[in-house]
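There are 2 protein chains.
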Amino acid sequence: MAGLKPLKGMRDLLPQQQIRREYLFEKIKEVFRKHGFDPIETPAIEYWEVLSGKYGAEEKLIYRFQDRGGRDVGLRYDLTVPLARFFASNQGNITKPFKRYQIQPVWRAEKPQKGRFREFYQCDIDIVGSRNPLSDAQIIITIREALRELGIYGFQIKVNHRKFLSAIARHFGIQEREVEFARILDKLDKVGLEGIEKEYMEKGFPKEVIKGIMDILKNPPSLEEIVEIIDNQDSLSAYENLKRIFLYLKKTGVEEAVFDISLARGLDYYTGMVFEIVLTDVPIGSISGGGRYDNLIEIFTKYPVPAVGGSIGIDRLITAMEEMGLFREFPSTYTDALICYFNMDEKTFDYAMEIKGRLDFMNVDIYSGDAKMRGQLAYAAERGIRWAIIIGEDEISRRTVSIKDLKRRTQDEISIDELANYFRTSK
Amino acid sequence: MAGLKPLKGMRDLLPQQQIRREYLFEKIKEVFRKHGFDPIETPAIEYWEVLSGKYGAEEKLIYRFQDRGGRDVGLRYDLTVPLARFFASNQGNITKPFKRYQIQPVWRAEKPQKGRFREFYQCDIDIVGSRNPLSDAQIIITIREALRELGIYGFQIKVNHRKFLSAIARHFGIQEREVEFARILDKLDKVGLEGIEKEYMEKGFPKEVIKGIMDILKNPPSLEEIVEIIDNQDSLSAYENLKRIFLYLKKTGVEEAVFDISLARGLDYYTGMVFEIVLTDVPIGSISGGGRYDNLIEIFTKYPVPAVGGSIGIDRLITAMEEMGLFREFPSTYTDALICYFNMDEKTFDYAMEIKGRLDFMNVDIYSGDAKMRGQLAYAAERGIRWAIIIGEDEISRRTVSIKDLKRRTQDEISIDELANYFRTSK
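Protein chains in written order, with numbering that gives the first Met the number 0: chain B, 0 to 426; chain F, 0 to 426.
Just so you know, the hints here were simulated from the structure itself, not pulled from any lab data.
No false leads were slipped in.
For lysine-lysine, the following PhoX-like pairs were computed, each having C-alpha atoms within a straight-line distance of at most 20 angstroms:
id, chain 1, residue 1, chain 2, residue 2
1, B, K250, F, K346
2, B, K210, B, K186
3, F, K346, B, K249
4, F, K28, B, K355
5, B, K346, B, K371
6, B, K346, F, K249
7, B, K26, F, K355
8, B, K346, F, K242
9, F, K4, B, K53
10, F, K250, B, K346
11, B, K28, F, K26
12, B, K28, F, K28
13, F, K53, B, K4
14, B, K301, F, K4
15, B, K242, F, K346
16, F, K197, F, K210
17, F, K197, F, K217
18, F, K355, B, K250
19, F, K186, F, K110
20, F, K249, B, K355
21, F, K26, B, K355
22, B, K249, F, K355
23, F, K202, F, K189
24, B, K4, B, K113
25, F, K110, F, K4
26, B, K28, F, K355
Listed below are several chain B residues computed to face chain F (Cβ distance under 10 angstroms; list not exhaustive):
id, residue
27, L13
28, V49
29, I61
30, D66
31, Q103
32, S134
33, E345
34, Y378
Here a beta-carbon is modelled for each residue, glycine too, at the ideal position from N, C-alpha and C.
Taking the hints into account, I'd like the entire structure generated from these sequences.
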């Protein structure tokens with residue numbers, strides 16, 4: 000029966016999963032705020048006109064429908080196009096450079112695969128209104144710091160410049176097919192050198208052009224070398240720009256950044272620096288990416304507005320952190336202790352409230368069901384609550400509690416006056 | 000041009016608004032966790048089958064469409080029906096009583112009005128799987144504490160029991176029209192006594208029944224009196240149940256709770272205790288409500304699962320807090336300080352990074368645009384950043400910074416070694 004399950008391609012998040020996710024969001028937001036980003040939100044539903052023509056072939060994955068007023072609308076596909084629309088809608092209230100973070104779900108009607116869902120969160124930072132390469136660097140620096148704050152150290156930050164790809168296209172005389180050239184190049188990680196060579200052939204790129212491209216990819220040039228190989232205006236401006244960005248990265252200690260001429264990034268709207276962060280210890284692929292897009296916002300504003308941004312893929316990140324064992328000691332509940340009782344009479348309730356008051360620095364639940372003591376203890380264990388604080392008539396009259404530590408499997412009877420201290424030292 | 004604006008009835012949230020909202024969510028979550036609630040999330044889109052038949056006449060407000068696979072689906076209308084479906088879908092992984100909080104947007108195609116939007120957040124707690132009146136009390140206690148944590152003290156918690164309404168209906172021999180009777184009663188706050196008297200007449204309720212109802216509403220009985228007036232089985236069980244709930248509330252210091260026989264709550268699915276929280280100092284109406292619904296989850300599980308819950312209306316709460324002046328000193332940005340510079344050369348960047356390192360307990364932005372000093376200071380002021388930390392050649396060579404306090408309109412030049420201390424004491 001369909002009605003019992005979440006919609007195909009969607010999923011529920013149980014407490015254990017949602018607690019991990021909340022932890023990630025809180026940590027990441029903290030770092031975003033540290034670097035001068037402020038939050039915004041945009042509606043889940045946008046006019047179709049806002050979304051259409053921005054995503055190329057992927058447009059068919061947008062959830063599109065008519066709202067109750069017959070308006071042609073669609074669900075948010077990413078956070079970048081809504082940001083562009085937001086910027087145009089709110090120009091009068093925005094100071095440039097506008098540094099915003101946004102953490103909201105997006106919807107894509109993709110073929111459901113393992114670990115891929117049709118609803119997932121994006122976690123974006125962008126700087127709108129600056130061409131300063133410092134802003135490009137700030138995006139990478141901030142995302143890198145967020146990863147490190149989460150305990151992730153093994154990664155590489157691949158950096159390239161879209162203008163190098165223009166430079167290569169122009170160099171080989173295929174400037175009209177630059178977007179196509181870049182889209183195929185973007186598949187390098189998935190299909191390998193032969194794979195893209197094959198596709199360039201199938202698409203009818205000239206043989207000598209393909210050979211030229213392959214020669215570059217087989218012996219990837221350094222940032223210094225590329226300008227020698229491809230000597231034109233695009234190449235030079237990309238070089239100057241990336242050199243500056245790398246300088247800022249190096250001075251900030253971002254050792255993970257490497258120049259990679261093969262990095263293309265799928266989306267068409269990038270115009271400058273592009274980057275992608277790949278984990279080196281876990282085979283999970285890219286967990287973050289972004290770049291500069293100086294022509295997108297103009298579609299809405301009708302005047303040029305430069306912008307640069309990046310996105311963290313929360314779901315992949317969680318999977319990676321699970322594989323790295325970073326959640327090994329992670330709780331499946333926020334509740335530290337459960338007050339269990341034999342009989343909920345007035346005296347017991349008063350005593351439970353007194354205990355809760357003394358432990359107000361912790362998350363303490365009072366058992367709210369109808370089970371007997373044994374069931375209450377089983378409930379605490381199943382939820383992953385570490386401590387059961389047991390109160391019976393004896394405890395109440397002695398002004399004590401019995402504490403079961405369900406992790407260490409110990410039990411103590413201690414005075415209510417020592418309760419706070421007991422937990423302060425054993426937490 | 001439609002494309003420039005958010006969809007009709009929807010809205011963007013600017014940093015100033017989103018910062019307030021994040022503050023509310025963080026405070027509220029903290030209280031929810033304190034009382035033993037854990038978070039879950041459910042998808043925005045559900046099978047139509049899940050949503051249909053649960054909301055009565057309001058069903059027409061659901062955003063309904065076909066997904067890309069031709070499935071009949073709808074956007075989440077509230078968080079209660081998704082919780083019921085969630086419980087049924089995940090029974091094997093859930094321990095009862097299941098205490099969950101959920102903070103997610105919902106969508107309703109309502110007529111846009113001032114302060115009413117078609118997308119808004121709900122903020123719910125529920126306890127599934129317990130008939131224990133302690134769980135009813137925990138819902139009210141937790142929400143009340145969340146309000147107080149936000150600095151809100153002037154409110155009344157109206158409490159009633161759906162079975163009292165059944166009792167009245169049976170007493171007057173209109174038990175077949177109980178739902179209709181309750182729905183009209185629910186409008187009392189909006190249309191007054193005469194208003195509902197008129198509607199009962201229009202709907203053809205017998206004259207002596209209307210008179211009887213009016214007599215009760217004109218001299219609202221206390222919890223003790225109601226059982227004397229309406230002496231039947233429904234009335235007695237509601238009395239016993241509410242008495243217990245009020246006992247827990249009183250012992251927890253919830254002085255704001257009052258019995259109110261006229262409280263009905265619009266939704267049909269309530270079966271027991273119902274409550275509503277109304278602000279007394281601001282004319283903004285109800286900011287929270289909820290109750291017991293023992294028959295809803297059964298639709299999905301096919302066996303009875305009792306439940307009780309409540310919801311906080313975040314948007315109204317923010318409006319109320321604004322009117323109460325609770326946001327008067329609230330920042331419009333998370334950024335504490337902006338590093339401003341005359342010329343971004345290598346030495347300046349190094350110095351800026353040193354400053355950022357020393358102030359890592361604060362949110363410090365480095366200006367990332369292309370404006371000169373004057374523009375940078377104007378930018379700081381417009382974003383509401385309190386401090387501008389100015390570095391020029393002089394400052395760098397003297398190992399100092401110039402600090403402009405944009406709030407107090409003062410300027411100091413201080414040594415970089417005293418920087419951290421300066422902010423630690425003036426924050």
